[in-house]
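Colleague: What follows is the residue order along each chain.
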Amino acid sequence: MADQPVARTAAKPASLHPDGSDPVLSAKQQRETLKSAGDSLYANRVKVYPKAVSGPARQVKWAILIFCLAVYYLVPWLRWDRGPGLPNQAILLDLDGRRGYFFGLEIWPQEIYYLTGLLILAAVALFLVTSLFGRLWCGYSCPQTVWTDLYLWVERRIEGDRNARMRLDQAPWSASKWGKKLLKHAIWLVIALATGGAWIMYYQDAPTVTRQFFTGEAGGTTYFFVGLFTATTYVLAGWAREQVCTYMCPWPRFQAAMLDEQTLIVTYQKWRGEPRGKHKAGDPWDGRGDCIDCKQCVAVCPTGIDIRDGVQLECINCGLCADACDEVMSKVDRPKGLITWDTLAHQQAKAAGKEAKYKFFRARTFIYVAALVILSAVMLWGLLSRATTEITVLRDRAPLFVGLSDGSIRNAYTLKIINKQRDAQDFTLSVTGLPGADLAVRGQDDSELSAEKLVLPADTVSTIRLFVKAPKAQLQQERLSVTVAVKNSKTGERAAAETLFIGPPVP
Amino acid sequence: MPTKIEKDAVTGTDTTGHEWDGIKELNTPLPKWWLYTLYATIVWGVIWMILYPSVPLGGTYFKGLLGYSERQNIETALKQAADQRAPMMAKLAETPIDDVQKNPELATFALTGGRAVFNDNCAPCHGVGGSGRPGGFPVLADDDWLWGGTRAAIQQTVTHGIRNGGADARDSAMPRFGADGLLTPAQISDVADYVLALGTPAGTALSDAAKRGAVVFGEQCVACHGAKGEGLKDLGGPRLSDAIWLYGGDKASLVKQISAPRQGVMPAWSGRLTEAQIKMVTLYVHSLGGGQ
Numbered sequence: 001m002a003d004q005p006v007a008r009t010a011a012k013p014a015s016l017h018p019d020g021s022d023p024v025l026s027a028k029q030q031r032e033t034l035k036s037a038g039d040s041l042y043a044n045r046v047k048v049y050p051k052a053v054s055g056p057a058r059q060v061k062w063a064i065l066i067f068c069l070a071v072y073y074l075v076p077w078l079r080w081d082r083g084p085g086l087p088n089q090a091i092l093l094d095l096d097g098r099r100g101y102f103f104g105l106e107i108w109p110q111e112i113y114y115l116t117g118l119l120i121l122a123a124v125a126l127f128l129v130t131s132l133f134g135r136l137w138c139g140y141s142c143p144q145t146v147w148t149d150l151y152l153w154v155e156r157r158i159e160g161d162r163n164a165r166m167r168l169d170q171a172p173w174s175a176s177k178w179g180k181k182l183l184k185h186a187i188w189l190v191i192a193l194a195t196g197g198a199w200i201m202y203y204q205d206a207p208t209v210t211r212q213f214f215t216g217e218a219g220g221t222t223y224f225f226v227g228l229f230t231a232t233t234y235v236l237a238g239w240a241r242e243q244v245c246t247y248m249c250p251w252p253r254f255q256a257a258m259l260d261e262q263t264l265i266v267t268y269q270k271w272r273g274e275p276r277g278k279h280k281a282g283d284p285w286d287g288r289g290d291c292i293d294c295k296q297c298v299a300v301c302p303t304g305i306d307i308r309d310g311v312q313l314e315c316i317n318c319g320l321c322a323d324a325c326d327e328v329m330s331k332v333d334r335p336k337g338l339i340t341w342d343t344l345a346h347q348q349a350k351a352a353g354k355e356a357k358y359k360f361f362r363a364r365t366f367i368y369v370a371a372l373v374i375l376s377a378v379m380l381w382g383l384l385s386r387a388t389t390e391i392t393v394l395r396d397r398a399p400l401f402v403g404l405s406d407g408s409i410r411n412a413y414t415l416k417i418i419n420k421q422r423d424a425q426d427f428t429l430s431v432t433g434l435p436g437a438d439l440a441v442r443g444q445d446d447s448e449l450s451a452e453k454l455v456l457p458a459d460t461v462s463t464i465r466l467f468v469k470a471p472k473a474q475l476q477q478e479r480l481s482v483t484v485a486v487k488n489s490k491t492g493e494r495a496a497a498e499t500l501f502i503g504p505p506v507p
Numbered sequence: 001m002p003t004k005i006e007k008d009a010v011t012g013t014d015t016t017g018h019e020w021d022g023i024k025e026l027n028t029p030l031p032k033w034w035l036y037t038l039y040a041t042i043v044w045g046v047i048w049m050i051l052y053p054s055v056p057l058g059g060t061y062f063k064g065l066l067g068y069s070e071r072q073n074i075e076t077a078l079k080q081a082a083d084q085r086a087p088m089m090a091k092l093a094e095t096p097i098d099d100v101q102k103n104p105e106l107a108t109f110a111l112t113g114g115r116a117v118f119n120d121n122c123a124p125c126h127g128v129g130g131s132g133r134p135g136g137f138p139v140l141a142d143d144d145w146l147w148g149g150t151r152a153a154i155q156q157t158v159t160h161g162i163r164n165g166g167a168d169a170r171d172s173a174m175p176r177f178g179a180d181g182l183l184t185p186a187q188i189s190d191v192a193d194y195v196l197a198l199g200t201p202a203g204t205a206l207s208d209a210a211k212r213g214a215v216v217f218g219e220q221c222v223a224c225h226g227a228k229g230e231g232l233k234d235l236g237g238p239r240l241s242d243a244i245w246l247y248g249g250d251k252a253s254l255v256k257q258i259s260a261p262r263q264g265v266m267p268a269w270s271g272r273l274t275e276a277q278i279k280m281v282t283l284y285v286h287s288l289g290g291g292q
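Same order as they appear, the protein sequences are chains A and D.
The numbers in the UniProt record's numbering rise by one with no breaks, and the one at position 417 of the first sequence is 417.
The numbers in the UniProt record's numbering rise by one with no breaks, and the one at position 9 of the second sequence is 9.
Simulated from the structure, these hints should not be mistaken for laboratory data.
Positions of the beta carbon are idealized from the N, C-alpha and C atoms, including for glycine.
Careful, some of the hints might be misleading.
Mimicking DSSO-like on lysine-lysine, the simulated pairs with C-alpha atoms at most 30 Å apart in a straight line are [to be verified]:
#1 LYS63/D with LYS469/A
#2 LYS331/A with LYS295/A
#3 LYS32/D with LYS28/A
#4 LYS211/D with LYS472/A
#5 LYS416/A with LYS357/A
#6 LYS331/A with LYS270/A
#7 LYS472/A with LYS420/A
#8 LYS51/A with LYS4/D
#9 LYS102/D with LYS487/A
#10 LYS295/A with LYS32/D
#11 LYS251/D with LYS472/A
#12 LYS7/D with LYS47/A
#13 LYS102/D with LYS177/A
#14 LYS7/D with LYS28/A
#15 LYS32/D with LYS181/A
#16 LYS7/D with LYS469/A
#17 LYS28/A with LYS4/D
#18 LYS4/D with LYS420/A
#19 LYS416/A with LYS91/D
#20 LYS180/A with LYS32/D
#21 LYS63/D with LYS79/D
#22 LYS453/A with LYS102/D
#23 LYS469/A with LYS233/D
#24 LYS336/A with LYS280/A
#25 LYS472/A with LYS228/D
#26 LYS295/A with LYS7/D
#27 LYS102/D with LYS469/A
What follows is a set of in silico ranges between Cβ atoms, one per label pair, in the way DEER data are often shown [to be verified]:
#28 ASP94/A with ALA86/D: 27 to 35 Å
#29 ASP168/D with GLY219/A: 51 to 59 Å
#30 ALA387/A with SER54/D: 31 to 39 Å
#31 TYR36/D with GLY216/A: 31 to 39 Å
#32 THR76/D with PRO504/A: 19 to 27 Å
Could you put together the complete structure from these sequences and hints?
Modeller: Given below as structure tokens:
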């Protein structure tokens, strides 16, 4: 590490001015400086000290943050009465019982495709939003952003704003510095624990697991996952922060494919801002740009970039730089919006002095919307036409068929019949497509059951053996297509499955 | 070695100084924590190698400080599984075979285990699912039994076997009517015709040969196969009036079988399987579709 000495002096804001102001280089610029000082293949982390900012983007960000956290922490406590013997938690993924409960909906393990569908929907929605408005997800609702923002808020309350934090980090260790740091990390850990704890509540009854957690009765798995999510929350939101977005997350790497010149993204209006430079009150604005190079946009950026460098992968599109710039612009009495949401096409047009148009309906947004509509329709149709009875037929392969002493042929099948209803139901079992068929039904314990009155217990998969016997004279073909069906005697709901009846070669 | 570090015009980033055929590599440094993560995984790997079996040492290997052994784990797991099954196995051993059905849990346990025992021990001859094999290995899934298809009869057959020389083994022998000159070829042909006619619907007129065969059948065969060829399970005499044939049901096969009979042998399983296992496999065979 040939660059260590240089890196140390530069990485710590040793260049912080004695008066507490700092020259505000973006993290990227600082890394560039460090790198050229020594040509290491590895970059030192440049700690980002985002400055507090207020404005519309910040307001929206707070609102979304509070909403997201409230949903995350409170949803497990919602109750939903499902009747006796069943969990009364509105959203519960019961891994032991192998059921997912979502309000009135109960998902079985084999219906996991609903989850797949939901994930695909979420992905397409993300593509759509990104192609329209840039990385709104990253800037406003990504858990990494939400928890980092919350942690930063705690940090600011304890250590103060940007400059105070920078001074504190530089100051020698004292009782007050220890106190502040310990308090901050303690609060961070409490938040992390609450986050890890809430995660577990989605998989177990929330009141029960909360009590068990504190009385030491919860299982090892519970403590392990609470520990895991506590640790990841603390490390990712407290320490890693923008490093997650820049180096760990794949989404920034994709963004070039998701954005185009019609996407509304946070942009610096170069045509209006340049040439930039310091401006004294009373000086004329002619012959120069509106950017007074105050670097407030850099100071507030949670990922430590300079938005004036253009679109870059570190930008999470949160718009805090726009808030900071607007504040400055109103102070120097220039129009707001030097940094704002705008499309690249729009900007080019404005730079050329032409009239600009927004174009939200493009081929890609149309395709995303179409995909969303189709997928949602398919999912909805799947949910609405969801059967409470399902049947699967497994044909015995050894033996393929059995010749009986009276010359008739018998095939055997294993049936899996799902009764998703809350009580035992009577069914009639029938086989069609085979004249003269004689059915014998047996339970898993070889007990005799009746095909006319097949009682299937509540909320289970029953395994049933079915023997179908047919006179040889009825077998005109070696392989006959037959249908095995069960019909609910009360509701008339029917579930059927196709299978084969195989006999000896027909001469 | 880096030769010439320069600034890339487009990105404004330094190059590493590496160049291949005019392609220059930009210096986009990885974060340091990334490097430290790599070092941490190396340290982790070394610790892992010390704790767990890792380095081959000629005929042996470094066993690791934790004394971990996958082979031992499997033995422990197998023993645990056997211990878990032990109460059910004991219960099965003491329950009479005809009473197992009264306890659905025990019956399900027995059938599941019986399938495994059957596939390990019986399937080589009788086929998976009791599908039988040509050449005298009976189908166990049909409704015809040489020695009886009740649970008790199947249990007896499995326990002691057939024609294996054991004291309690099922035993029977069919005379070699042709090979030992007990019947003339013409008589054998007539009897075969009669046996074929046994399976035809009642009232079908017999051919002359079959009529002659009926006389011979009455003298030679009824003792074991019954007056109408209905079989005698106590003696293991096969039923001849049905559609199931162990060695073939056409005339040539019948003639061959009457002339020089083939007779299957089955080992006794009492010494090889536990009593509970024999009960399991008995119940499984009984459940295949032909149990009486």
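Colleague: State for each hint whether it applies.
Modeller: Outcome of the hint check:
1. As the CA atoms of LYS63/D and LYS469/A are separated by approximately 60 Å, the hinted pair breaks the 30 Å bound.
2. For the hint pairing LYS331/A with LYS295/A, the CA-to-CA distance comes to about 14 Å; that is within 30 Å, so the pair holds.
3. This hinted pair checks out: LYS32/D and LYS28/A have alpha carbons roughly 15 Å apart, not beyond 30 Å.
4. A threshold of 30 Å between alpha carbons decides the hint, and for LYS211/D with LYS472/A the separation of about 28 Å falls inside it, so the pair holds.
5. A hinted pair counts as satisfied when its Cα atoms are at most 30 Å apart, and LYS416/A with LYS357/A does not qualify at roughly 60 Å.
6. Of the supplied pair hints, the one linking LYS331/A and LYS270/A holds, its CA atoms being roughly 20 Å apart against a limit of 30 Å.
7. For the proposed pair LYS472/A and LYS420/A, the alpha carbon gap of about 38 Å is over 30 Å, so the pair is violated.
8. Among the hinted pairs, LYS51/A with LYS4/D is inconsistent with the structure: their alpha-carbon atoms are about 40 Å apart, more than 30 Å.
9. Distance restraint check for LYS102/D and LYS487/A: the Cα-Cα separation of roughly 29 Å lies within the 30 Å cut-off, and the hinted pair is therefore satisfied.
10. A C-alpha spacing of about 27 Å is found between LYS295/A and LYS32/D, which places the hinted pair at or below 30 Å, so the restraint holds.
11. Among the hinted pairs, LYS251/D with LYS472/A is consistent with the structure: their alpha-carbon atoms are about 21 Å apart, no more than 30 Å.
12. With a C-alpha separation of about 25 Å, the suggested pair LYS7/D and LYS47/A falls inside the 30 Å cut-off, and the hint holds.
13. The suggested pairing of LYS102/D with LYS177/A is violated, with an alpha-carbon distance near 76 Å, which exceeds 30 Å.
14. Taking the CA atoms of LYS7/D and LYS28/A, the gap is near 16 Å; set against the 30 Å cutoff, the hint holds.
15. The hinted pair formed by LYS32/D and LYS181/A meets the criterion: a straight-line CA distance of about 24 Å does not exceed 30 Å.
16. Distance check on the hinted pair: LYS7/D and LYS469/A sit about 84 Å apart at the alpha-carbon level, beyond 30 Å; violated.
17. Distance restraint check for LYS28/A and LYS4/D: the Cα-Cα separation of roughly 23 Å lies within the 30 Å cut-off, and the hinted pair is therefore satisfied.
18. A threshold of 30 Å between alpha carbons decides the hint, and for LYS4/D with LYS420/A the separation of about 72 Å lies outside it, so the pair is violated.
19. Among the hinted pairs, LYS416/A with LYS91/D is consistent with the structure: their alpha-carbon atoms are about 29 Å apart, no more than 30 Å.
20. For the suggested pair LYS180/A and LYS32/D, the alpha carbons sit about 27 Å apart, so the restraint of at most 30 Å is met.
21. Restraint check for LYS63/D and LYS79/D: satisfied, since their Cα atoms lie roughly 23 Å apart, inside the 30 Å limit.
22. The suggested pairing of LYS453/A with LYS102/D holds, with an alpha-carbon distance near 21 Å, which does not exceed 30 Å.
23. Note on LYS469/A and LYS233/D: the hinted pairing holds, with a Cα-Cα distance of about 25 Å set against a maximum of 30 Å.
24. This hinted pair checks out: LYS336/A and LYS280/A have alpha carbons roughly 18 Å apart, not beyond 30 Å.
25. Restraint check for LYS472/A and LYS228/D: the C-alpha separation of about 24 Å stays at or below 30 Å, so the hint holds.
26. A hinted pair counts as satisfied when its Cα atoms are at most 30 Å apart, and LYS295/A with LYS7/D qualifies at roughly 25 Å.
27. Among the hinted pairs, LYS102/D with LYS469/A is consistent with the structure: their alpha-carbon atoms are about 27 Å apart, no more than 30 Å.
28. A hinted range of 27 to 35 Å holds for the C-beta pair ASP94/A and ALA86/D, which are about 31 Å apart.
29. The hinted window of 51 to 59 Å between ASP168/D and GLY219/A holds, with their beta carbons roughly 53 Å apart.
30. At about 53 Å, the CB distance of ALA387/A to SER54/D disagrees with the hint of 31 to 39 Å.
31. Against the hinted window of 31 to 39 Å, the Cβ-Cβ separation of TYR36/D and GLY216/A comes to about 36 Å, which satisfies the hint.
32. Taking the beta carbon of each, THR76/D and PRO504/A are about 50 Å apart, not inside 19 to 27 Å as hinted.
When the structure is compared with the earlier hints, violations turn up for hints 1, 5, 7, 8, 13, 16, 18, 30 and 32 and for no others.
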